[in-house]
Amino acid sequence: MTRYVFRGLGARKLRTALTALAVVLGVAMIAGTYVLTDTIDEAFSEVFQTASEGVDVSVTGARPAGFGSGQAPPPIEESLLQRVQDVDGVRVAEAGVFQQVTILDKEDERVGVGGAPNFMASVSEPPFDAFRFVRGAPPRTADQVGLDLKTAEDKGFRVGDRIRVVGLPGAKTYTISGIARFGQESSLAGAAVAIATLPEAQRMAGYEGKVDSISVAGDDGVSPTELKERVAAALRGEPVTVRTGEEEANRQASDLQDQLAFLQTALLVFAGIAVFVGAFVIYNTFSITVAQRTRELALLRTLGASRRQVLWSIVAEALVVGLASAIIGLLAGLLLAQALQELFKAVGADLPTTDSVVRARTIIVALVVGTVVTVVASLAPALRSTRIAPVVALREGLVEQRRGRGRRTAFAAVLLVLGLAALIAGLVDGELSLMGLGAVVIFLAVAMLSPLLVRPLAAVVGRPLERVTGITGRLARENTLRNPGRTAVTAAALMVGVAVVAFVAIFAAGLRGSIERSVDSTFPAGNLIVVDQDGFSPVSEQAARAIGEVPGVDTVAGVRFASAQVQGRTGTTPVIGIDTGAATRLYRAEWAEGSAATWGQLGDDGVVVDKNSSIGKGRQVGDRLVLTTPTGERVTYVVRGLLDAGDFSLLGGGIVVPNDRLSRDFNVRGDAFVFVEFARGADRRATRAEIDRLLAERFPNAQSQTREEFKDEQNAQLDPLLVLIYVLLALSVLVSVFGIINTLALSTYERTRELGMLRAIGTSRRQVRSMVRQEAVITSLIGAVLGVVLGVLLALLVSRPLADEGFTLTFPVGTLLILLVLAAVFGVLAAIGPARRAARLDVLRALAYE
Amino acid sequence: MTDIVSATDLHRRYGEGEAAVDALAGVTVGFPPGAFTAIMGASGSGKSTLMHCLAGLDTPTSGTVVIDGVELGTLSDAKLTELRRDKVGFIFQAFNLLPVLTAEENLLLPLTIAGRKPDREWVEQLIETVGLADRRTHRPAELSGGQQQRVAVARALVHKPAVVFADEPTGNLDSKSSADVLRLLRGAVDDFGQTVVMVTHDPDAAAIGDRIVELADGRIVRDEAVVAAQP
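Going down the list, the sequences are from chains A and B. If you read the first sequence in the working numbering, its first letter stands for residue 275, the second for the next number, and so on. If you read the second sequence in the working numbering, its first letter stands for residue 8, the second for the next number, and so on.
Next comes chain B alone, as it looks inside the complex:
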């Protein structure tokens, strides 16, 4: 099957001259649909930069990124924004919910921004799945960290994107909440056929994926399937 997201010979250089740093030094990688890939690596390995480039948030110095058949390098900012809106879901380490909106409104945000009508059935199913049926009118400040991140997961899924990027989604959570969020992501892949790319430095979190890609010094040093599934 063809990859839903693919990168070819990605380079990303920050700064100039002697002080220049190569965050990505030639990365070629593809993500097939319906797979859960964990990108690992130490701080400064380039894993976040890779994700930002894949998601169209950062522009690579050279190389190409293709999402769902569209090459990002040729897109204007407006087109890129539209692509992120329609084809990409994001989960951030710091939840990043809008404090002025309720849980349900936050969840619906990608659709609202696009001016699209939500598929009520799908939305109800999502709310049920993330376990926030009794919290839908609460504001983020009234939710726990775990609950907030579950809203964020639902937000990333609500518009059925081509790919969901999760940037250290468990970084700010306790172990129980972390497990909840990881289970939700796993479920999205298994039950809805969602493609998920997750950046993490936590091996336990990475182990829930189907495949682990490890970066060091801007290069892929390991790319293998996860052998042992859940215990």
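Same shape as in the complex, but just chain A:
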């Protein structure tokens, strides 16, 4: 029986290969995701190991409870250094600063490939010198910096050149004193780093008397653990965390892993979609195989094969195909990981590269998923094969099996209701995995119901074709209706991918609209908006101050973002800083309680809360909020007003406080956006030119934008993400195209005789090709139409809760139409092979074919 299985696979090479491909892609994405994220983990672990080389003990600020790994530890007092140095067993201790800045190249553009971060680090002496100078010398004065080798090479900087760096006080021009390697590497994981003296680094970071960390090396014979305990004892009561060098490296690595977990999950979701689509293709292929082999299987039964043996022959085939494809997929995943790294680079996320990391988990998950999905998808057809009666072997002609249609529809309807229920429950609880499960069940239910929809849909998409192409279109449409179940499942595979694409497109359109409206509704006035070149990094608070002094400027107001831990709540709450002095002029908000005048009456501890946000629910004016800020500060604020802001209002979603309080209590010294309004009668163009000149001179990382430019820029920030999502979804669509190829190949094969007859009575090859092509187009359009409809419905459902918060659903009709056209194009592409085969048919042999 097993030999029979292998013979069968060999005899159906094309079919086997296409089925395998459906599995290969999904598995490759899973394996690729793991390899990619593991490789990134590994690369950064190495980076952190290098950084902590020579460090026996590290002292950093204690991250306040309630803040996640995304929050950098707060700075610590520099004065602690003396106390650490005095600890018995400490050979040498050094304070360090490592903060984000903007480094400018010779054209005054921010350095860093694809948005890689820029840092300023304080210079380190041995044994803490992770940065080693290969040319020149470390910086000795406040006007000197060292530069990492990669940035120096990329941008053509040499020792003695001048270089501009923008920190909190603004831009400063330094002389490059030397070029440094990071450990053995040319850079710190792709980031650009300027190395300055400690006082200069502190000045640029806005750290008066503060540092980020203290590195400690112990005397010989004192173990890091022992030393750690002694340092910790000496610093008891201070808001610091003391770790060994190794622990510190691990902490940094695990912080990063936490943040990468999102990337991993997101990529696995896309891999899951591809696997899900692949399951449709496998199910369909096995269904067709079983149908075509009915006679053969019945013959086996006549010859004495048991039901179990017949079942096994199908399942074993699935097992072999699944395992083989999983292995190929695993290997393909390695290549895909490389490709994904390149893709991430292309859309602006530069990741450090090391050798690919393949963990046992990657291999196990890839093999298990590939094999199990294939076997499970083949189970229904396999079970169907066991119901073939031996007598069928002796009957003439193919036996149509049409049973259980009603039961199947009822079952699908129940599934649909369950899926919707799960989706809605997930929406209500904000439970993403439940929503995902609901969506999967809905897809399955619609796929099961779709045989009923094939006839009307084929008419809708086929009739117009027929009008143009005549008989070939007619036959193509009729051919898709011969076996509605087969067409339905083929189309359903495409439907899944298209539905997700449509859903994403609709949401992206909604988001764009919402961003535009939020800018308009929150800041109805204001002529210019100043932001960082990258669109999201903060701009030094000094910039707003300086712009305010430009002649012709009436009002300047910054908006900044932070988060705080509110007593009695888990997780962090968004805190929005605004310029309350300018508030009445530049911001607009709907008040539930209070008025624009409230901004002026906040005093030293007053705040305004969005009553629609989770923090604002049930709050009253006069309520007290006890907050822990990221610097570990504990402060008590009093609610002075309640906003009725939507989620897409820039002031909504949390606690609004004056900016100076964010500087004082949160150490947040940068504005995300600075809104500028010109004085009445001021020359707009001259004023803007003056502002631009000021920015170029002192804050070259910032740029001014008109409201329209700003909206465009904000929208444009969605684009790389969308491109990435579409590319990942394209892989799922590709899987469903394999399905279409497979179904077409099999169904034209079944119709060999008919094709022979058509050719004999004068149908041209071109007409045969056209017929097969149109069959593919009709099938893919059925899938695309179902997908778009489902995507729209899902978007409608999922956006319901957001609708009250200002998210307005916009239907990107153009995009959706393009999606349909693309689906038709995919159909044409899928048909190339089968159409050619059908057209090349040897007429005589086809007529003799039984």
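Read the hints as simulated data drawn from the structure, not as lab findings. Among the hints, erroneous ones may be present.
[Unchecked claim] Derived, one-sided and incomplete: chain B residues facing chain A with beta-carbon distance under 8 Å:
#, residue
1, S83
2, D84
3, T88
4, E89
5, R91
6, R92
7, F99
8, N103
9, L105
10, V107
11, T119
12, I120
13, G122
14, P125
Idealized CB from N, CA, C, for every residue including glycine.
Add chain B to chain A, keeping to what the hints say.
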């Protein structure tokens, strides 16, 4: 009168070397217009190969075939297809109707493929003649074997081809249906002046023709007019 279809010194060899088989070993034959010719012979005599070569479905190893003044050997596949579409009608042993089309649509297929408008009067007359007026919207699966073959006969006639080739048209039919189909072919020749070439191994079927050509081992061994017409 000149022949509407003629073959000159046809050879058709399958395979190569020692295993080569000569299905046709020098056949020269002509079919005058408006005649009903039956080609007979045992299995492997070459009768089907002859018909396939005459109809442009198979390419002879040597020799020429001319249909309605056109020599097939010089034609590209596209031209050959066009010639089959316009000048040849086919009737197969296995009916070969498209299951997705109705009886009438199947009947009209050669015209539809060519993108030509049917002559309604002629079509109605055909449907009447083959006795399917009340079956025109039925699909092949809803028709008996005899009915299906009658549709196939009408399909072969609908575009008024130069010649109709019938390959064992009664092979899958009971005796009554066979008689119906043969009568239709006879009628096509007598009433419409159609040229029909029918391959059969059934002497009774062959007897309805005007002339019998018999093949053995790839050669014509008998070529004579049918003396006694219908009883």
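The hints, checked one at a time:
1. Hint status for B/S83 relative to chain A: violated, with the closest Cβ pair at about 11 Å, above 8 Å.
2. The criterion of a C-beta within 8 Å of any C-beta in chain A is met by B/D84, whose closest approach is roughly 7 Å, and the hint holds.
3. A least Cβ separation of about 5 Å between B/T88 and chain A falls short of the 8 Å threshold, and the interface hint therefore holds.
4. Annotation: interface hint on B/E89 holds; nearest CB of chain A at approximately 7 Å, less than 8 Å.
5. Contact between B/R91 and chain A, as hinted, is supported at the beta carbon level, the nearest pair being about 5 Å apart and thus within 8 Å.
6. With its C-beta approaching chain A no nearer than about 2 Å, B/R92 sits inside the 8 Å limit, and its interface hint holds.
7. Because the beta carbon of B/F99 sits about 7 Å from the nearest beta carbon in chain A, less than 8 Å, this interface hint is met.
8. With a cut of 8 Å, the hint placing B/N103 at the interface with chain A holds, because the nearest CB-to-CB distance is about 4 Å.
9. For the restraint placing B/L105 at the interface with chain A, the shortest Cβ-Cβ distance is roughly 6 Å, inside the 8 Å limit, so the hint holds.
10. Nearest Cβ of chain A to the Cβ of B/V107: about 3 Å, under the 8 Å cut. The hint holds.
11. Hint status for B/T119: holds, given a least beta-carbon distance of 4 Å to chain A, under 8 Å.
12. Restraint check, B/I120 versus chain A: the minimum CB separation of about 5 Å is within 8 Å; hint holds.
13. Against a cut-off of 8 Å between C-beta atoms, the interface hint on B/G122 holds, since the closest Cβ of chain A lies about 6 Å away.
14. A cut of 8 Å between beta carbons decides the hint on B/P125: the least distance to chain A is about 12 Å, and the hint is violated.
In summary, the structure is inconsistent with hints 1, 14 from the numbered list given earlier, while agreeing with the others.
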